[in-house]
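**Student:** These are the residues of each chain, in order.
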Amino acid sequence: MSSDVRFDHVVEPLRLQTDVEILTASFAEPLPVAGADVHRPGMGLMGYVDGFQSNRLQIFGESEIGYLVSLDEEARRRAIRRIFDLHVPGAFVAMGLELPAGFLEEATAYNVPVARSSLPTDELDYFVRDILADLFAPRDTLHATLVDVYGVGLLFTGRSGIGKSETALDLIERGHRLVADDMVTVVRRSNDVLVGTGREHLNHLLEIRGVGIVDVMPVFGVRGIRMQKRIEVEVRLEDWDEDKEYDRHGLDREETRILDVAIPRATVPIYPGKNITVITEVIALDFMLKTYGIDTARDFNQKLIETMERSGHTARYLKHDTE
Amino acid sequence: MPQRTARVGDPVGLHLRAASRIVQLAKQFDCEIHIEYEGAQANAKSILGLASLVARHQEPLQLIVEGPDEEAALDALVDLIEVGLASEPNKPTGQS
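Quick mapping for you: the protein sequence lines, in order, are chains L and H.
Counting from 1, one number per residue, gives the positions in the first sequence under this note's numbering.
Counting from 1, one number per residue, gives the positions in the second sequence under this note's numbering.
Next up, chain H with everything else stripped away, as it sits in the complex (with noise of 0.2 Å):
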């Protein structure tokens, strides 16, 4: 199971918004995907797991992987949870 660190961008942490941008992007691929944030495990396909982490600004989230499209899924999230949470923080999701 392939594992990588991303760090929360958002200036804010992992509030509603960027749970869902998360989310919204982890059902693009067809692994199955977990976010470890201090001993607490939440599914990335899940708004509220993922906002009950409450994990704030540049704190460590693992991501934990395992599918047929693993790698790719560590490297877009990671991207996304690094770099896109941060510079559009309150980017809307949800309707296009």
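Here chain L stands alone, though its shape is the one from the complex (with noise of 0.2 Å):
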């Protein structure tokens, strides 16, 4: 897979956790970053490249460092070509470490751009991992409304104009908060948590029939938006069909997939008078329930089963109790 994550896309959000200098002049654009693992260079350098992940960035730390300072000047030469030979896309160097005399020429050289922070090494590793795992996550970019109700993340989907923005609106104002309306932007993290954000320049406005565009933050104030979240439930909203049977026991989940992830989906039935944003609140508080373990049409089935076995016990008994 040919990805287009560069040296400079993890280097700049890295900036924003910790010191980061960059050691090699701006150059030739670097190879691209070919996966979210990072790769520690140590025994390359000693020789053994059998195995060795040239397209991931590499992390140099006090042991690769220290070997190469081992090295007289022509060793080590040799050993940092050997790996910079086979198309490295970008280099870190941990624990602010002084480089050892030819490094930064032979990197200049390859077209290999190297950066350094005073991070330990586990810690840098674990920093550029956590920006690769976000860069290199599935995601996709959906036509529906996000809000976080009583902590829930509930994605309302449905056409155009059949009152996702009018229900977020109704929901904020009842002291819900908004994530985004209209684009919602998901990344998968961790193989099945889906989570979601608005448009950057687009955040918080919501688009009202007869008023206007909205926006949430200074007519509702800081409680009423959020910034990401983690998507729950599909709240489906659909115009009422008459010869649809709607679920009414709740015994079966109906399930969606995004990003390859199951979640659970409420089809929920509009026409006029029908208060949407109280359902949609059960819909959360219910979700809520199921998470801890109280599915109440599961229970209340599996009581009413025992109920009809026990009273057919009873009145047996009853019968022929003639007291």
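Treat the hints as calculated values from the structure; they're not laboratory data.
Virtual Cβ for every residue (Gly too), placed ideally from N, Cα, C.
Be a bit skeptical, because a hint or two may be false.
What the hints assert, rightly or not - Just the calculated beta-carbon pair ranges, DEER-fashion: (1) L:His-201 x H:Ala-76: 53 to 59 Å; (2) H:Ser-87 x L:Pro-264: 26 to 32 Å; (3) H:Ala-76 x L:Leu-318: 33 to 39 Å; (4) L:Asp-260 x H:Ala-76: 39 to 45 Å; (5) L:Ser-190 x H:Asp-79: 47 to 53 Å; (6) H:Asp-75 x L:Asn-191: 49 to 55 Å; (7) H:Ser-87 x L:Asp-4: 56 to 62 Å; (8) H:Asp-79 x L:Lys-274: 30 to 36 Å; (9) L:Ile-305 x H:Ala-76: 23 to 29 Å; (10) L:Tyr-271 x H:Leu-48: 19 to 25 Å; (11) H:Glu-66 x L:Ile-305: 27 to 33 Å.
Mind assembling these two chains? They're in different frames, but the hints should get you there.
**Tutor:** Encoded structure:
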């Protein structure tokens, strides 16, 4: 898989978290980073390059730099060339380590950008991996509205004009928080977690028919907004269809797949006079109850079945109980 | 008001799924449909109403109908309660 992730894309967010010093002058665009993994080049420097993950970002820690320092300059340059020759997309140096003579010249010659941070090697490793995981995470943009309702991320879907924004407005007014309206960017994290955010320049604007554009923050205050939220339930708003049978008992859970992650879906039919806001609040609360193991439909049905079994025994007993 | 008796075909009794199937069918008719069991009368178009009857397997349900398509409703509902519920007791309902 060829990616368009480059060294710079990792350095930029890393700067927000720690000190980063670029040691190589800007030059031709570095090679793309091939994966979310990072690599420690120690073995490669010593001469063993089988399985060397050259297309990953390389992290130089104390042992790598210490080894290079221990060599005379000629041997050192040979060791560095051996790995940079394998087309490395970039290198990080941890602990603010001083680079031995020849390192940067070789890096420049091989078009390998180098950055240094004062972080300990394991922490730098962690931050770089975290940034890469985000850059390589599968993502998608959905035509939907995302609201945090009692801490549950409800993703409203449905045709244009069905009332997603109006429902969001109503929910904000009741103390819930808008993440994004109309366009939601979804990123998959750690395989089964979906995180939704708004478009950068569209943040927290609502388009309400009859009013126009409403900015939630100045109107409702900071408590009415949220920057990102895990998406937990899809609430599908639909025009009321007389011929369709909507879920009435809740024993069978409908599911939807977003970026290959299954989440529950609740389909809510819309008709005039129906209070969608309260229904969606209940959807959120019911999801929380199910998370805590309380499934009302299932539990009620279970109790009902047990009662029917028991009442059979009781009826037979009472029939012959002539006291 | 035509009436007829149907015995619960479902081996478990009138549980939530069975009740839901009755409601789904009953809603297709315009007539009023009530189901009476042990002195309690429930609307056949209400799941919780039917579940509250707690009717066991083979217990007699009294179906009472009133309206334009009452005879058709009786035929269809008796068939569902006695035959349909017995043959596919756990058929999922709701989402198609």
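**Student:** Now tell me if each hint is right for this structure.
**Tutor:** Do the hints match the structure? See the list:
In this structure the supplied range 53 to 59 Å holds for His-201 (chain L) paired with Ala-76 (chain H), their Cβ-Cβ distance being about 58 Å. Distance hint check: the CB atoms of Ser-87 (chain H) and Pro-264 (chain L) are about 30 Å apart, consistent with the given range 26 to 32 Å. The supplied range of 33 to 39 Å is met by Ala-76 (chain H) and Leu-318 (chain L), whose beta-carbon atoms lie about 35 Å from each other. The hinted window of 39 to 45 Å between Asp-260 (chain L) and Ala-76 (chain H) holds, with their beta carbons roughly 42 Å apart.
The hinted window of 47 to 53 Å between Ser-190 (chain L) and Asp-79 (chain H) holds, with their beta carbons roughly 52 Å apart. Separated by about 53 Å at the C-beta atoms, Asp-75 (chain H) and Asn-191 (chain L) satisfy the suggested range of 49 to 55 Å. About 58 Å separates the C-beta atoms of Ser-87 (chain H) and Asp-4 (chain L), a value consistent with the hinted range of 56 to 62 Å. Here the CB-CB span from Asp-79 (chain H) to Lys-274 (chain L) is close to 34 Å, well matched to the stated 30 to 36 Å.
The hinted window of 23 to 29 Å between Ile-305 (chain L) and Ala-76 (chain H) holds, with their beta carbons roughly 25 Å apart. In this structure the supplied range 19 to 25 Å holds for Tyr-271 (chain L) paired with Leu-48 (chain H), their Cβ-Cβ distance being about 21 Å. A C-beta distance of roughly 31 Å is found between Glu-66 (chain H) and Ile-305 (chain L), which places it inside the suggested range of 27 to 33 Å.
Violated hints for the displayed structure: none, as all numbered hints are satisfied.
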